[in-house]
Amino acid sequence: MTVHTAAPEVRIRDLTVVYKTPAGELPAVRGVDLTLAPGTITGVVGESGSGKSTLALSLLNAVQPPGRIAAGSVEIDGLGDVLTLWGEDLRRARGRQVGYVFQAAQNSLNPLKTIGKQLLDLGRSHDVADLRALVRDAKDLLARMGMDGARVLDSYQHELSGGMRQRVGIMLALVLNAKVVVLDEPTTALDMITQATILRIIREVHEERALTTLVITHDVGAVAEVADSLAVMYGGRVVEHGPVTEVLGNARHPYTQGLIRAIPRLSGDLSLARALPGRPPTLGTLPGQGCVFRERCERRMEVCETDDPLPVNRDGRMVACHAADRHLTLVERKEFV
Amino acid sequence: MITGIGITKTFRQRGGVLGAREVPALRGVDFAIDKGGAVSFIGESGSGKTTLGRIIAGLETHDGGEIVIDGVPMSSLRHRRRQPYFRRIQLIHQDPYSALNPTRTIHQTLEAPLRLRARQTGRSRSWADARAGELLSMVGLDPGYVLPRYPHQLSGGMRQRVVIARALTMDPEVLVADEAVSMIDVSLRLGILALLKDLRERLGVGVLFITHDIATARYIGDDGELYVLYRGQVVERGPTEKIIADPVHPYTQSLLSAIPVLHGLERPGAERVVPLETQREATPGPGCLFAPRCPFATERCERETPALSRDGQTEHACFHPQRRSVIPVGVGE
Numbered sequence: 001m002t003v004h005t006a007a008p009e010v011r012i013r014d015l016t017v018v019y020k021t022p023a024g025e026l027p028a029v030r031g032v033d034l035t036l037a038p039g040t041i042t043g044v045v046g047e048s049g050s051g052k053s054t055l056a057l058s059l060l061n062a063v064q065p066p067g068r069i070a071a072g073s074v075e076i077d078g079l080g081d082v083l084t085l086w087g088e089d090l091r092r093a094r095g096r097q098v099g100y101v102f103q104a105a106q107n108s109l110n111p112l113k114t115i116g117k118q119l120l121d122l123g124r125s126h127d128v129a130d131l132r133a134l135v136r137d138a139k140d141l142l143a144r145m146g147m148d149g150a151r152v153l154d155s156y157q158h159e160l161s162g163g164m165r166q167r168v169g170i171m172l173a174l175v176l177n178a179k180v181v182v183l184d185e186p187t188t189a190l191d192m193i194t195q196a197t198i199l200r201i202i203r204e205v206h207e208e209r210a211l212t213t214l215v216i217t218h219d220v221g222a223v224a225e226v227a228d229s230l231a232v233m234y235g236g237r238v239v240e241h242g243p244v245t246e247v248l249g250n251a252r253h254p255y256t257q258g259l260i261r262a263i264p265r266l267s268g269d270l271s272l273a274r275a276l277p278g279r280p281p282t283l284g285t286l287p288g289q290g291c292v293f294r295e296r297c298e299r300r301m302e303v304c305e306t307d308d309p310l311p312v313n314r315d316g317r318m319v320a321c322h323a324a325d326r327h328l329t330l331v332e333r334k335e336f337v
Numbered sequence: 001m002i003t004g005i006g007i008t009k010t011f012r013q014r015g016g017v018l019g020a021r022e023v024p025a026l027r028g029v030d031f032a033i034d035k036g037g038a039v040s041f042i043g044e045s046g047s048g049k050t051t052l053g054r055i056i057a058g059l060e061t062h063d064g065g066e067i068v069i070d071g072v073p074m075s076s077l078r079h080r081r082r083q084p085y086f087r088r089i090q091l092i093h094q095d096p097y098s099a100l101n102p103t104r105t106i107h108q109t110l111e112a113p114l115r116l117r118a119r120q121t122g123r124s125r126s127w128a129d130a131r132a133g134e135l136l137s138m139v140g141l142d143p144g145y146v147l148p149r150y151p152h153q154l155s156g157g158m159r160q161r162v163v164i165a166r167a168l169t170m171d172p173e174v175l176v177a178d179e180a181v182s183m184i185d186v187s188l189r190l191g192i193l194a195l196l197k198d199l200r201e202r203l204g205v206g207v208l209f210i211t212h213d214i215a216t217a218r219y220i221g222d223d224g225e226l227y228v229l230y231r232g233q234v235v236e237r238g239p240t241e242k243i244i245a246d247p248v249h250p251y252t253q254s255l256l257s258a259i260p261v262l263h264g265l266e267r268p269g270a271e272r273v274v275p276l277e278t279q280r281e282a283t284p285g286p287g288c289l290f291a292p293r294c295p296f297a298t299e300r301c302e303r304e305t306p307a308l309s310r311d312g313q314t315e316h317a318c319f320h321p322q323r324r325s326v327i328p329v330g331v332g333e
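Which chain is which? The protein sequence lines are A and B, in order.
Residues 1 to 337 (the working numbering) are what the first sequence spells out, left to right.
Residues 1 to 333 (the working numbering) are what the second sequence spells out, left to right.
Please keep in mind that the hints were generated in silico from the structure rather than gathered at the bench.
Worth double-checking, as some hints may not be accurate.
[What the hints assert, rightly or not] List time: in silico SDA-like cross-link candidates among lysine to any residue, alpha-carbon distance up to 25 Å:
#1 B:242 with A:262
#2 B:242 with A:267
#3 A:20 with A:72
#4 B:35 with A:271
#5 A:113 with A:159
The structure presented is a predicted model; accordingly, all values stated were derived computationally and were not measured.
Construct the entire structure; sequences and hints are all you get.
Have a look at this one:
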């Protein structure tokens, strides 16, 4: 069964990923430093175009052309720098060391093969000697997630509901005993109750198997429920990172503050909720210099136009904002698109 | 004023080894949408909320029951005579990326329905042109910027505003918004919700809001009515704020309990309800539809079906209604 070794640490350093466009190579992820502490769940939250999925793919060194990892390193304990791996070594690391649950796991299964067949394919491609043991592990994992393992392995993907397919995706990512797991939008397109179940399963399996987990999502609520630490991405940058209760309870970056204010809640005063003005940047509209958020920021200063704010670490938290340490009264702004 | 009485709808699936399979989508739903009111249908996939919205918008037929618009039962009218009634109800699509024709500029997209509207009301073409700009300003867009552009040149939030402007070309009395913000970036969602709220207040347009996200329903109409649907039945109904604060049906409680807690800002409700998981949901027994998943179900729930009954301000269909505090509360409250 499962071998419980210590969870590895993942160190992303100065990672830059560029995409080739008619306007030249543009950075989707720029100079990102992020450490995933061993045995924790890190949530990365961001809107479309924030670079969160590109960041996640970098952990597998799987950025596809026209994208290219231009600089930086991704060190995983016991594996080394993933970005220097290639060919067979890289293929083996994917699945063995780093498990990946793809965005819409619903659509990432082969519709022509039963789940069991796909499991055996996975085992063979990783030279698993004892395929029976692999099937047994898979059944245990599925049972752990509240499903009838034998039945699921005999099923085709269309016979399973969205929540069940998501669990199959998690099983396939974990069955080779990967210690680092990346989940890309694990709850998107799921019903509320199913979402709550999946989040609980992620948390429990993470603890039982001593994993280091990265959850990528656009849904602040989903990460709030499951993560230990929260990184907020905007325009290819990590703008704030820290323990989840502190980042949400006492956000320091204006973007994080705006994002939290823009979420309608079940209790409290509705009139306090307001939309962030402006819209998220795309690769083409990212400013070449200065802060990426300044266009939508209510606290922008002159320096924001020219200087990129450097990440500042204090009290176990990171914030990249020129205005973060200044206390200013927030200005009310009219909402527009 | 639109009312529905005992609406039923069954989809028939063809094929399969055992021949046709019947899937009941709606099992006798009553509802009422007042002029300028805000009504929300809440439920998971398979609850029938989207089917009900499409029936109300006149885009889907129903098998049983009656839709009454301003006192006129729709079944008494021939198809052509119904159209002027359903014109007053316009659907806002979920996906702003596929709801607009990519080969037409926004001007062309708005022009066609506006010309039709001009003919219907005996107005001139120049009215139609001026109206296009007016509608875009109304939804918070700059007509000069948006009119000559194609959908791909606009952001998701802008496109959804164009879709709303297009729905307004027909001078509707009710807008049916089916998951209108689920495809939009989180930071922009509230802007669209605020727009719908604003249209309600300024134009007196009623909003039928169909969603799985109860918090957004609260934002659209805290003075509105909330219908909680489960597998084609209304299980709880009442004023939105009341249902959210004091849910009594175990399914409503499960839905509200499933909403993620923003730790650091909120603490979870003390009595969160987690429904049981069951693999045999396809064939319901004679009793309550939620009984197989209900943690509080008794023998009676397996045998009998609870009817929707009034209880103070709200209605619910449960033999064991009990108030539980399930929603997350702000840390400071």
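Structure-based check of all given hints:
no., hint, verdict
1, B:242 with A:262, "23 Å, holds"
2, B:242 with A:267, "11 Å, holds"
3, A:20 with A:72, "18 Å, holds"
4, B:35 with A:271, "24 Å, holds"
5, A:113 with A:159, "12 Å, holds"
Of the numbered hints listed earlier, not one is contradicted by the structure.
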